[in-house]
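My request is simple: use the sequences and hints to build the entire structure.
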Amino acid sequence: MPGATHEAVPAQHCIAAVKIAIFSDVHSNLEALQRCCDHAAEQGAERYVCLGDIIGYGADPGPTLERLMALPGLIAIRGNHDETLFRDPGDGAPPAVRHVLSWTREQLSAAQLDFLSALPYSVQRDDVTYVHASADNPQNWEYVRIAEQAERCIHAARTSLTFIGHTHEPYVFYETAGGQIRELRPASGRPIPLSPRSRYLVNVGSLGQPRDGNASTCYVLHNEDHAELTFFRLSYDFQRTAGKIRAAGLAPHYADRLAVGR
Amino acid sequence: MSATHRQTLHEVRTGETIDGFVVGKLLHEGGMARLYKATRRGIHTPMLMKVPKTGAGAPAAALPALENELRVLQRLHGPHVPKLFGHGDLRATPYIVMEYIEGDRLAQAVARAPLPIAELANLGAALCKAVHVMHHQNVIHLDLNPRNVRTRADGTMVLIDFGIAHHASLPDLIDAAFGEAAGTAAYVAPEQVRELRSESRSDIYAIGVILYLLATGRFPFGRANLLSVKRRLFEPPLPPRLHRPDLPPWLQEVILRCLEIRPEHRFTTAKQIVHALTHPDSVHLTARAHRVRPVDWLTRLRLWWRSLYEVFDEAEPVRPFERLSHAPHVLLALDLPHTSEPLKQALRVTVRKFARNEPHSYFTCLSVMRPADRLSLRPDEPSASAAERIAEMRTWAQPLHLPPGRISFHVAEGSAADVISDYAHHHVLDYIIVGAQGRSPMGRILGSVSARVVAEAPCSVTVVRPRELPKAREEHPPVTKGD
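As you go down the protein sequences, you meet chains X and G in turn. Each residue of the first sequence is one higher than the last, beginning at 734 in the working numbering. Each residue of the second sequence is one higher than the last, beginning at 1232 in the working numbering.
Worth flagging that the hints you see were computed from the coordinates, not collected in a lab. Heads up, a few of these hints could be off.
Claimed, not checked - In the SDA-like style, the derived pairs of lysine to any residue whose C-alpha atoms are separated by at most 25 Å in a straight line are:
{"#": "1", "chain 1": "X", "residue 1": "K752", "chain 2": "G", "residue 2": "L1321"}
{"#": "2", "chain 1": "X", "residue 1": "K752", "chain 2": "G", "residue 2": "S1400"}
{"#": "3", "chain 1": "G", "residue 1": "K1284", "chain 2": "X", "residue 2": "P929"}
{"#": "4", "chain 1": "X", "residue 1": "K752", "chain 2": "G", "residue 2": "Q1305"}
{"#": "5", "chain 1": "G", "residue 1": "K1314", "chain 2": "X", "residue 2": "D958"}
{"#": "6", "chain 1": "G", "residue 1": "K1284", "chain 2": "X", "residue 2": "I879"}
{"#": "7", "chain 1": "G", "residue 1": "K1314", "chain 2": "X", "residue 2": "G922"}
{"#": "8", "chain 1": "G", "residue 1": "K1284", "chain 2": "X", "residue 2": "P926"}
{"#": "9", "chain 1": "G", "residue 1": "K1575", "chain 2": "G", "residue 2": "L1631"}
Claimed, not checked - Chain G regions said to be covered by chain X (calculated; three or more residues, Cβ under 8 Å):
{"#": "10", "region": "1292–1301"}
{"#": "11", "region": "1584–1594"}
We put the CB at the ideal spot given by N, CA and C, even for glycine.
Structure (structure tokens):
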């Protein structure tokens, strides 16, 4: 599989960036992507990071990829959904998943398919790691939910800051000077300071399929200059997104769950 | 931060100018940091620069404490904390510059202890007010002691040194296991000894130690040492009246309630202590108030045994300000001489619902008299009609069966809306319950008291009106659907 490597970003990307918008699990939700990118631009975001699972569930894979690929300074990571596009999902996969995958494949241009197939499992830039599921064996698609898993991920990353997605639930795990792992549930719009003496694992939640009981879309703004992060939860037109999913004949519960965020 | 980082840090000293701040003379050198006077063109407020020790032999906790203090101060505001003026890059030149508050009335008072009761109550109430406002902003201090409390010229207490404070919506990087959260031994609560950092009632315990000290001139567990720190887990302190027999029972009740081993047996909020210190009559006396001897050996043995498996629960997800709303102070504005029987009943129903839903709520009944209502000419003695008003309120409240600690009665003079509004601001009330004014022509001319209270109150107001039954109207007989 070409490009499926752990990459270090070329030097020209390392010019001092101040504000970076980071999101994950877009799942072909064009309305939510539009909302977050507009908001991030207003906040002064200069670069964008997508932590994978760009496709799946939603009815707008083509337009979503088009919008995404045009974002300035984009770093995009491979997610499990992106990978199954090029692989047989196995006999255990539910019919709805097989259907949305084959349907999505038909919607994408050759260039878009090339882009997806070349996505790296993780990217390390300065003291930051970007990965979809866990820095500890990214290919295993582990769901990091508890402190022990977070600790393994933080240690495997060997950077002060690691951004992940995959579980669709926003949270921050951090390590104290004595090596304790603690958790913080972030509040929207409230900056979280990053200390030079701690290490952080940040789950940016899901932009396109939130599942923490809050239907709002979600992204994180990383202000490198001020060493702080801000989670943003924003309302968007999920009715429109849901309508498109139903109209495309995809599984109706992909549409229904958008309204409840479950 | 690692040793290699540490060497690159610059320690600011007297005579330097940094980010526009001119570093003046050294005011104080503590274990963790040095404090300098600081000035800057255009700023006339006296300023203090705190510089953590970073050289060889400096404590590892110095930098984390400064960083923690900065994060917390950036999120606190109001007259009870020093204003923050600036800070250096924590990775290069760590320092913070804040307002310098010269007064240290509390520390001086401790040196003079035992204090007269009135002075103690004033100082204690001012301290508790500052702590309450801090808790309201989601911060737990965890190192309250007389040296960390400064005083403004008007008597306002200012809390300083947030080096090990806990902010409920920030990552908490202070690690007790790493030796960072020691606190000050004589003042730490039992659950702090067990390394719990999210309990706002730990600050209530420290307040108890300070009040004990002011009342008796002694620490509840003697001079701090390892044994005295452990002892507080299984031994109630000696009753202050043992040291000072003339101490009023109500004050001993307040102090010993602050010093309870289990947080849930202490006051829930600092504001409750303000109320107790300013309204001694409202303090409900229990067995604590009358103890004059150390607890018997059997109780000690029982408590010691319990301490072996004592578990202090992590207070998350309860944030300090959420807990404050669990013990609301409610004002009942009553004008009983002009209140109809149905309205009296409706007011009681409302209070009963409130008291049931909020088991820690407490109520002040306030009746406002016009100056002309007063019969007595001596201002220091409650006039006959004030006493009558209080008796009337007691009669009204009797069917509620609220214990004495949860309800108190108060008569004030002036224009009703002004008095209620002033009282609400002064006592930082959480709710006001007021009866709706009758639809009399007089009410319409003067404007309703309840409407003005609603408009001016600093908190939620419930206006109570008895259910008005629809009047049968002869000219419009009821129409049945479908006819």
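For the pair we were handed, K1284 of chain G and P929 of chain X, check the Cα-Cα distance against 25 Å.
17 Å, holds
Would the hint linking K752 of chain X and Q1305 of chain G be met if the CA-CA limit is 25 Å?
Roughly 21 Å separates the two Cα atoms, so the pair holds.
Do three or more residues of the region 1584–1594 of chain G come closer than 8 Å to chain X, measuring C-beta to C-beta?
violated (count 0)
Does K1314 of chain G pair with D958 of chain X here, judged by a C-alpha cut-off of 25 Å?
24 Å, holds
The region 1292–1301 of chain G covered by chain X? Criterion: 3 or more residues, Cβ-Cβ distance below 8 Å.
This one holds; 3 residues, not fewer than the three required, reach chain X with a Cβ under 8 Å.
CA of K1284 of chain G to CA of I879 of chain X, is that 25 Å or under?
Violated: K1284 of chain G and I879 of chain X sit about 37 Å apart, past 25 Å.
Does L1321 of chain G lie within 25 Å of K752 of chain X when you go C-alpha to C-alpha?
20 Å, holds
Holds or violated: K1314 of chain G to G922 of chain X, with C-alpha atoms at most 25 Å apart
Status holds; Cα separation ~24 Å.
Run the distance test for K1284 of chain G versus P926 of chain X: straight-line Cα separation, threshold 25 Å.
22 Å, holds
Given the hint that K752 of chain X pairs with S1400 of chain G, test it: the Cα-Cα distance must not exceed 25 Å.
Holds, at roughly 22 Å.
Pair hint outcome, K1575 of chain G versus L1631 of chain G [Cα-Cα no greater than 25 Å]:
12 Å, holds
Hint compliance for this structure: hints 6 and 11 are broken, all remaining hints hold.
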